[in-house]
Amino acid sequence: MNADLLKDATATSLLAKLEAGEVTSEEVVRGYLDRADALKRLNVFVHLDPEAVLAQAKAVDVDRKAGRPVGALAGVPVAIKDVLCVNGEPTTCGSRMLKNFRPPYDATVIAKLKKAGAILFGKTNMDEFAMGSSTENSAYGPTLNPWDEERIPGGSSGGSAAAVAADLAPLSLGSDTGGSIRQPAAVCGIVGLKPTYGRVSRYGLIAFASSLDQIGPFTHDLADAALLMKVISGHDDRDATSVDDAVPDYSATLDEKPKSLRIGVAREFFGEGLDPEVEAAVREAIRVYEKAGATIQEVSLPNSKYGVPAYYIVAPAECSSNLSRYDGTIFGHRAEDWSPKYPGEEELHPLVRMMMASRAEGFGAEVKRRIMLGTFALSAGYADQYYNQALKVRRLIRNDFDAAFKDVDVILGPTSPSAAFKLGERTANPLAMYLSDIYTITANLAGIPGLSIPCGLTKSGLPIGLQLLAPAFAEENLLRTARVFERETDWHQKRPTIG
Amino acid sequence: MSLSTQDVAKVAVLARLRLSPQELETFTGQLNAIVDYVAQLQEPDTNGVEPLAHGVEVRNVFRDDVRGEALPREAALTNAPKRNKESFLVPAVLD
Numbered sequence: 000m001n002a003d004l005l006k007d008a009t010a011t012s013l014l015a016k017l018e019a020g021e022v023t024s025e026e027v028v029r030g031y032l033d034r035a036d037a038l039k040r041l042n043v044f045v046h047l048d049p050e051a052v053l054a055q056a057k058a059v060d061v062d063r064k065a066g067r068p069v070g071a072l073a074g075v076p077v078a079i080k081d082v083l084c085v086n087g088e089p090t091t092c093g094s095r096m097l098k099n100f101r102p103p104y105d106a107t108v109i110a111k112l113k114k115a116g117a118i119l120f121g122k123t124n125m126d127e128f129a130m131g132s133s134t135e136n137s138a139y140g141p142t143l144n145p146w147d148e149e150r151i152p153g154g155s156s157g158g159s160a161a162a163v164a165a166d167l168a169p170l171s172l173g174s175d176t177g178g179s180i181r182q183p184a185a186v187c188g189i190v191g192l193k194p195t196y197g198r199v200s201r202y203g204l205i206a207f208a209s210s211l212d213q214i215g216p217f218t219h220d221l222a223d224a225a226l227l228m229k230v231i232s233g234h235d236d237r238d239a240t241s242v243d244d245a246v247p248d249y250s251a252t253l254d255e256k257p258k259s260l261r262i263g264v265a266r267e268f269f270g271e272g273l274d275p276e277v278e279a280a281v282r283e284a285i286r287v288y289e290k291a292g293a294t295i296q297e298v299s300l301p302n303s304k305y306g307v308p309a310y311y312i313v314a315p316a317e318c319s320s321n322l323s324r325y326d327g328t329i330f331g332h333r334a335e336d337w338s339p340k341y342p343g344e345e346e347l348h349p350l351v352r353m354m355m356a357s358r359a360e361g362f363g364a365e366v367k368r369r370i371m372l373g374t375f376a377l378s379a380g381y382a383d384q385y386y387n388q389a390l391k392v393r394r395l396i397r398n399d400f401d402a403a404f405k406d407v408d409v410i411l412g413p414t415s416p417s418a419a420f421k422l423g424e425r426t427a428n429p430l431a432m433y434l435s436d437i438y439t440i441t442a443n444l445a446g447i448p449g450l451s452i453p454c455g456l457t458k459s460g461l462p463i464g465l466q467l468l469a470p471a472f473a474e475e476n477l478l479r480t481a482r483v484f485e486r487e488t489d490w491h492q493k494r495p496t497i498g
Numbered sequence: 000m001s002l003s004t005q006d007v008a009k010v011a012v013l014a015r016l017r018l019s020p021q022e023l024e025t026f027t028g029q030l031n032a033i034v035d036y037v038a039q040l041q042e043p044d045t046n047g048v049e050p051l052a053h054g055v056e057v058r059n060v061f062r063d064d065v066r067g068e069a070l071p072r073e074a075a076l077t078n079a080p081k082r083n084k085e086s087f088l089v090p091a092v093l094d
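If you read the sequences in order, they're chains E and R.
At position 375 of the first sequence (counting the first as 1) the number is 374 in numbering that gives the first Met the number 0, and the numbers step up by one without a gap.
At position 17 of the second sequence (counting the first as 1) the number is 16 in numbering that gives the first Met the number 0, and the numbers step up by one without a gap.
One chain only, chain E, in its complex shape (with noise of 0.2 Å):
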């Protein structure tokens, strides 16, 4: 095989070849298989099946030699966050939890890959139950970042995010409940987008705190993200909170102009806590911007600070709600041994045992720290003053957004306050990782789109992250935004030197 043919691949590029008939699926995927088996050691993966990664492979390319017709990303390697139900497939979610569990069902997105005719190349590393920013929280060891491997790759779609930066496949998929996708995308230098709430089914998505959860895509460029979400959009019936809008074709309108290029900085997103390094390469890229003929003005998002808190209450609510189905009777781990061990619990109902201590087995410390978070909130008597409270304080956060964005088009700023930080850095201290998603948290919080793209490196040659934000459904715009900063540099070209 070609030994150039991964180098700098991107899934637009394989495309073109496979579709000249340069090379086959198979050789692309053998080429990935190689390289996984070399760098096991970053840990991106955690269920990687070899031969039925090479089946689907033999069989686009019987298919694609007949003529027949095939997908949009047929023969393409896609690696797939393990948050996502794959029928038959282990799906853990990072946790000892779901050690065993193989849905019996594909989540929509898997289905639309499927029909796509991609490759679903392994499962990837994850924080457990998708709660945390560094990856750390896997019950399966942390993923190493590929730029340093003594530094996270971000969290938590973190091995879905080394996975592309590493050149271990040339797309993904993550899913963002607070920046998930964002922040690692920015940490390892690459491209990930979180869509608008709704734009993208979320069936068959292990549900983590429902009104914030979005898959979304991890790419090196703009052309593959445009291409991947075009695969992975659209209305599903199976998930309520789906929207019926058309999807816009991403890859055809990528190259134009936007029809305005009014860019808002927010001076919220400039605040203590922001690497000087950070906050030099976000700059430069206004520059860019301004040079390229954008307005910039600064706007403001006075209630963004309250970001951090009003998450910390809504996704552990809605998680602790969303998680009381561990419960060790229908699937997922059950513990052997529920007789009473700690003072009070003899007073407790064999079955309430059984499900304390399934879950106390099951669960990391992170998870169980957002349950019991989220339970509290819940909680008669504490639910007006933390749940009701942090939706309203949401309410104030959505409305900052939509008086922002009837001056400007998008609004700018760092995608994570720091650089990669280094393994077990965080992990004592909550509150601090937290802070960790501190610019991506309210978009998710108001349901609207939001991109990072690589920005800069560091002086130790680190990535850098730039965080583009558009109005709900406006993904065609952001990604033509951030088309018109891609164009100008040569940022997202840059790989880590890794064998």
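Among these hints, one or two may not hold up.
[As the list claims (entries may be wrong)] 20 Å max Cα-Cα, derived DMTMM-like pairs, lysine to aspartate or glutamate:
| # | chain 1 | residue 1 | chain 2 | residue 2 |
| --- | --- | --- | --- | --- |
| 1 | R | K9 | E | E345 |
| 2 | E | K340 | R | E22 |
| 3 | E | K113 | E | E18 |
| 4 | R | K9 | E | E360 |
| 5 | E | K113 | E | E276 |
| 6 | E | K256 | E | D406 |
| 7 | E | K304 | R | E42 |
| 8 | E | K113 | E | D238 |
| 9 | R | K9 | E | D166 |
| 10 | E | K16 | E | D62 |
| 11 | E | K290 | E | E346 |
| 12 | E | K458 | E | E346 |
| 13 | E | K6 | E | D166 |
| 14 | E | K229 | R | E42 |
| 15 | R | K81 | E | E360 |
| 16 | R | K9 | E | D326 |
| 17 | E | K114 | E | D248 |
| 18 | E | K493 | E | E148 |
| 19 | R | K81 | E | D3 |
| 20 | E | K304 | R | D44 |
| 21 | R | K9 | E | E344 |
| 22 | E | K391 | R | E22 |
[Stated by the list, open to error] Chain E side only, calculated, beta carbon under 8 Å to chain R, not exhaustive:
| # | residue |
| --- | --- |
| 23 | A110 |
| 24 | G197 |
| 25 | D326 |
| 26 | L372 |
[As the list claims (entries may be wrong)] What follows is a list of derived Cβ distance ranges for each label pair:
| # | chain 1 | residue 1 | chain 2 | residue 2 | range |
| --- | --- | --- | --- | --- | --- |
| 27 | E | S323 | R | H53 | 19 to 29 Å |
| 28 | R | P20 | E | A431 | 22 to 32 Å |
| 29 | E | R67 | R | N83 | 40 to 50 Å |
| 30 | R | K81 | E | R40 | 29 to 39 Å |
| 31 | R | P20 | E | D336 | 16 to 26 Å |
| 32 | R | A52 | E | K304 | 40 to 50 Å |
Rather than coming from a laboratory, the hints here were simulated on the basis of the structure.
Glycine included, C-beta positions come from ideal geometry on N, C-alpha and C.
Given chain E, put chain R in place with the hints provided.
Then chain R, alone, in the frame of chain E:
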């Protein structure tokens, strides 16, 4: 406000989580730190503000009341931690 270990123990039972005495201590400290942090949510004036439960507000979605495809029993039972041929098995609920 401040949560005592007794408060946290009560929440743990509501949340169906068995916590060791040591975990109870750790979580009490961490939960208090988080609850102190989220207290800032009381700062903004939210008088007359409608709570926002979803970023994109959606109305109730109805479908025709017709039977659709259901998961076959064997598929539904396949991930059960304990089962017989036709049911999930759990510890006796009634004495």
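Consistency of the hints with the structure:
The hinted pair formed by K9 (chain R) and E345 (chain E) meets the criterion: a straight-line CA distance of about 15 Å does not exceed 20 Å. At most 20 Å may separate the alpha-carbon atoms for a hinted pair to count; K340 (chain E) and E22 (chain R) meet this at roughly 14 Å. For the proposed pair K113 (chain E) and E18 (chain E), the alpha carbon gap of about 18 Å is at most 20 Å, so the pair holds. Taking the CA atoms of K9 (chain R) and E360 (chain E), the gap is near 19 Å; set against the 20 Å cutoff, the hint holds.
A hinted pair counts as satisfied when its Cα atoms are at most 20 Å apart, and K113 (chain E) with E276 (chain E) does not qualify at roughly 42 Å. Between K256 (chain E) and D406 (chain E), the direct Cα distance comes to roughly 19 Å. Compliance with the 20 Å bound is thereby established for this hinted pair. Straight-line distance between C-alpha atoms of K304 (chain E) and E42 (chain R) comes to about 11 Å, which keeps the hinted pair within the 20 Å bound. Restraint check for K113 (chain E) and D238 (chain E): satisfied, since their Cα atoms lie roughly 19 Å apart, inside the 20 Å limit.
For the proposed pair K9 (chain R) and D166 (chain E), the alpha carbon gap of about 48 Å is over 20 Å, so the pair is violated. Among the hinted pairs, K16 (chain E) with D62 (chain E) is consistent with the structure: their alpha-carbon atoms are about 16 Å apart, no more than 20 Å. Taking the CA atoms of K290 (chain E) and E346 (chain E), the gap is near 71 Å; set against the 20 Å cutoff, the hint is violated. For the suggested pair K458 (chain E) and E346 (chain E), the alpha carbons sit about 60 Å apart, so the restraint of at most 20 Å is broken.
Taking the CA atoms of K6 (chain E) and D166 (chain E), the gap is about 8 Å. The hint holds against a cut of 20 Å. Between the alpha carbons of K229 (chain E) and E42 (chain R) the distance comes to roughly 42 Å, so the proposed pair goes past 20 Å and is violated. Proximity of K81 (chain R) to E360 (chain E) is assessed by CA-CA distance (about 17 Å); at most 20 Å being required, the pair is judged to hold. Taking the CA atoms of K9 (chain R) and D326 (chain E), the gap is about 18 Å. The hint holds against a cut of 20 Å.
Pair hint K114 (chain E) plus D248 (chain E) holds up; C-alpha atoms about 17 Å apart against a cutoff of 20 Å. A hinted pair counts as satisfied when its Cα atoms are at most 20 Å apart, and K493 (chain E) with E148 (chain E) qualifies at roughly 17 Å. Restraint check for K81 (chain R) and D3 (chain E): the C-alpha separation of about 51 Å exceeds 20 Å, so the hint is violated. The hinted pair formed by K304 (chain E) and D44 (chain R) meets the criterion: a straight-line CA distance of about 14 Å does not exceed 20 Å.
About 12 Å separates the Cα atoms of K9 (chain R) and E344 (chain E), which keeps this hinted pair within 20 Å; it holds. This hinted pair does not check out: K391 (chain E) and E22 (chain R) have alpha carbons roughly 33 Å apart, beyond 20 Å. With a cut of 8 Å, the hint placing A110 (chain E) at the interface with chain R is violated, because the nearest CB-to-CB distance is about 14 Å. Of the supplied interface hints, the one on G197 (chain E) holds, with its beta-carbon coming within about 5 Å of a beta-carbon of chain R, less than 8 Å.
With 8 Å as the threshold, the beta carbon of D326 (chain E) comes within range of chain R, its nearest partner Cβ sitting at about 7 Å, so the hint holds. Because the smallest distance between the Cβ of L372 (chain E) and any Cβ of chain R comes to about 6 Å, under 8 Å, the interface hint for this residue holds. Between S323 (chain E) and H53 (chain R) the beta carbons are some 20 Å apart, a value that agrees with the proposed interval 19 to 29 Å. P20 (chain R) and A431 (chain E) have their C-beta atoms about 26 Å apart, which keeps the hinted 22 to 32 Å range intact.
A hinted range of 40 to 50 Å holds for the C-beta pair R67 (chain E) and N83 (chain R), which are about 45 Å apart. Between K81 (chain R) and R40 (chain E) the beta carbons are some 37 Å apart, a value that agrees with the proposed interval 29 to 39 Å. Checking the proposed 16 to 26 Å range against P20 (chain R) and D336 (chain E) shows it holds: the Cβ atoms sit about 18 Å from each other. Hint check: A52 (chain R) to K304 (chain E), Cβ distance near 22 Å, so the stated range 40 to 50 Å is violated.
Checked against the numbered hints listed earlier, the structure breaks hints 5, 9, 11, 12, 14, 19, 22, 23 and 32; every other hint is satisfied.
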